[in-house]
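**Student:** Residues per chain, in single letters:
2 protein chains.
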Amino acid sequence: MDVLVPFAAREPKTRLADVFDEDERAALSREMLADVLDAVRNAGGEPTVVATAPIELPARTVVDDRPLSDAVNARLEPPVAVVMADLALATPAALRALFGTDSDVAIAPGLGGGTNALVVHHPEFYVDYHGASFRDHREIAAEIGAEVETVDSFRLAVDVDEPSDLAEVLLHADGRSATWLRRAGVRLVVEDGRVRTSRR
Amino acid sequence: MDVLVPFAAREPKTRLADVFDEDERAALSREMLADVLDAVRNAGGEPTVVATAPIELPARTVVDDRPLSDAVNARLEPPVAVVMADLALATPAALRALFGTDSDVAIAPGLGGGTNALVVHHPEFYVDYHGASFRDHREIAAEIGAEVETVDSFRLAVDVDEPSDLAEVLLHADGRSATWLRRAGVRLVVEDGRVRTSRR
Numbered sequence: 246m247d248v249l250v251p252f253a254a255r256e257p258k259t260r261l262a263d264v265f266d267e268d269e270r271a272a273l274s275r276e277m278l279a280d281v282l283d284a285v286r287n288a289g290g291e292p293t294v295v296a297t298a299p300i301e302l303p304a305r306t307v308v309d310d311r312p313l314s315d316a317v318n319a320r321l322e323p324p325v326a327v328v329m330a331d332l333a334l335a336t337p338a339a340l341r342a343l344f345g346t347d348s349d350v351a352i353a354p355g356l357g358g359g360t361n362a363l364v365v366h367h368p369e370f371y372v373d374y375h376g377a378s379f380r381d382h383r384e385i386a387a388e389i390g391a392e393v394e395t396v397d398s399f400r401l402a403v404d405v406d407e408p409s410d411l412a413e414v415l416l417h418a419d420g421r422s423a424t425w426l427r428r429a430g431v432r433l434v435v436e437d438g439r440v441r442t443s444r445r
Numbered sequence: 246m247d248v249l250v251p252f253a254a255r256e257p258k259t260r261l262a263d264v265f266d267e268d269e270r271a272a273l274s275r276e277m278l279a280d281v282l283d284a285v286r287n288a289g290g291e292p293t294v295v296a297t298a299p300i301e302l303p304a305r306t307v308v309d310d311r312p313l314s315d316a317v318n319a320r321l322e323p324p325v326a327v328v329m330a331d332l333a334l335a336t337p338a339a340l341r342a343l344f345g346t347d348s349d350v351a352i353a354p355g356l357g358g359g360t361n362a363l364v365v366h367h368p369e370f371y372v373d374y375h376g377a378s379f380r381d382h383r384e385i386a387a388e389i390g391a392e393v394e395t396v397d398s399f400r401l402a403v404d405v406d407e408p409s410d411l412a413e414v415l416l417h418a419d420g421r422s423a424t425w426l427r428r429a430g431v432r433l434v435v436e437d438g439r440v441r442t443s444r445r
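Those protein sequence lines, which keep their order, are chains A and B.
Once you know that position 53 of the first sequence is 298 in the numbering used here, the rest is easy, because the numbers rise by one and skip nothing.
Once you know that position 126 of the second sequence is 371 in the numbering used here, the rest is easy, because the numbers rise by one and skip nothing.
The reader is advised that the hints may include incorrect statements.
[Said to hold, decoys possible] Calculated cross-link-like contacts (lysine to aspartate or glutamate; reagent style DMTMM-like; alpha-carbon spacing at most 20 Å): (1) K258(A) to E301(A); (2) K258(B) to D266(A); (3) K258(B) to D437(A).
[Unchecked claim] Only part of the chain A face toward chain B is listed, based on derived beta-carbon distances under 8 Å: (4) P323; (5) P324; (6) P337; (7) A339; (8) G359; (9) D397; (10) R400.
[As the list claims (entries may be wrong)] From chain B, some residues computed to sit far from chain A (all C-beta separations above 12 Å): (11) R255; (12) D309; (13) L321; (14) E322; (15) S348; (16) P368; (17) D381; (18) F399; (19) D437; (20) R441.
Don't read these hints as lab results, they were simulated from the structure.
Fair warning: this is a prediction, and the values are worked out from it, not measured in the lab.
For every residue, glycine included, the Cβ atom is placed at its ideal position computed from N, Cα and C.
All chains should be built: construct the whole structure from the sequences, respecting the hints.
**Tutor:** Following this line, the structure appears as structure tokens:
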């Protein structure tokens with residue numbers, strides 16, 4: 246399975262600016278990408294990173310500075326998967342289940358209505374990541390008469406965008422992203438309700 | 246499969262106090278419980294609600310006013326499942342996958358380190374819902390030599406505790422909880438980043 250992995254090479258993860266400075270956010274985003282690439286390969290996928298700017302990466306990389314949806318649609322030749330670069334909890338098992346679907350379109354939703362990963366078998370399908378993309382992708386599929394399957398995975402639902410997501414990485418992942426976070430002094434804080442993180 | 250469904254009959258969902266008054270929170274928690282009971286039954290489970298106070302419910306109900314963990318442990322006779330009452334996204338398919346596990350202990354983690362659902366086959370296992378219970382349950386299992394399986398499900402990972410969780414219900418559920426939220430004027434707000442909700 247060919248797998249596109251879009252990657253923001255410039256100023257990634259701005260919603261983590263309260264926790265990390267710009268260099269740190271760039272470093273963390275690289276660790277997460279490396280974790281995703283490992284999981285994709287171990288699930289039998291052949292990743293191509295679609296980067297917004299020239300960057301040295303341990304994977305086949307193409308540069309496309311257009312908006313995310315345009316850059317992906319230019320390469321959406323079925324069968325193909327698209328997996329976001331910030332799925333630090335992704336496991337080979339979760340991706341294998343996604344890659345193994347045979348519906349026209351299979352979507353792994355992200356927290357807050359996003360589309361964290363999808364597999365496209367239908368030649369007319371196209372992506373639109375702006376806004377509530379999970380809903381929009383279902384509508385696009387309906388318009389072209391494509392059958393949609395939703396893949397139910399917590400590990401694919403957590404993209405690391407906001408500070409509360411860091412807790413999920415420390416709780417459930419043991420790859421480079423989790424190691425980087427621990428070295429950066431990020432720790433779990435257990436109080437009432439959901440576990441949070443703090444940085445010392 | 247016998248399924249315990251703990252239910253806070255008094256002052257539920259205090260973390261939603263910014264959105265709903267006390268009566269509304271009680272009503273929403275009842276709708277979520279009804280959705281969970283439907284999903285449990287459709288997955289082949291036989292639910293028993295463990296309520297903190299006497300309450301009229303459309304299911305077999307026992308009253309136990311002790312803390313959650315004590316009330317559950319008093320009834321934890323394997324094979325048995327425990328499913329939280331606020332899993333408004335739970336589907337029969339997700340619960341069937343959980344109920345079908347045959348490990349000593351199978352855990353479906355919740356956002357923020359919780360334990361949203363579990364199946365117990367090991368006679369010495371006990372629950373401790375205080376704090377980061379996903380981690381604690383793994384430790385308890387290790388102490389008694391029980392094998393643990395983690396069930397990867399987004400639909401079981403979302404418990405409705407915080408305002409951001411309401412968006413997940415409107416995005417992914419179509420049961421009584423989603424209907425109740427819509428009638429209460431809760432709407433999706435699509436901006437940059439994750440979809441949120443507002444109430445008019």
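**Student:** Each of the hints needs a verdict: does it hold here or not?
**Tutor:** Now the hints, each set against the structure:
{"no.": "1", "hint": "K258(A) to E301(A)", "result": "holds (19 Å)"}
{"no.": "2", "hint": "K258(B) to D266(A)", "result": "violated (35 Å)"}
{"no.": "3", "hint": "K258(B) to D437(A)", "result": "holds (13 Å)"}
{"no.": "4", "hint": "P323", "result": "violated (25 Å)"}
{"no.": "5", "hint": "P324", "result": "violated (23 Å)"}
{"no.": "6", "hint": "P337", "result": "violated (12 Å)"}
{"no.": "7", "hint": "A339", "result": "holds (6 Å)"}
{"no.": "8", "hint": "G359", "result": "holds (7 Å)"}
{"no.": "9", "hint": "D397", "result": "holds (5 Å)"}
{"no.": "10", "hint": "R400", "result": "holds (5 Å)"}
{"no.": "11", "hint": "R255", "result": "holds (17 Å)"}
{"no.": "12", "hint": "D309", "result": "holds (21 Å)"}
{"no.": "13", "hint": "L321", "result": "holds (23 Å)"}
{"no.": "14", "hint": "E322", "result": "holds (28 Å)"}
{"no.": "15", "hint": "S348", "result": "holds (15 Å)"}
{"no.": "16", "hint": "P368", "result": "holds (27 Å)"}
{"no.": "17", "hint": "D381", "result": "violated (9 Å)"}
{"no.": "18", "hint": "F399", "result": "violated (4 Å)"}
{"no.": "19", "hint": "D437", "result": "violated (9 Å)"}
{"no.": "20", "hint": "R441", "result": "violated (8 Å)"}
The earlier numbered hints that this structure contradicts are 2, 4, 5, 6, 17, 18, 19, 20.
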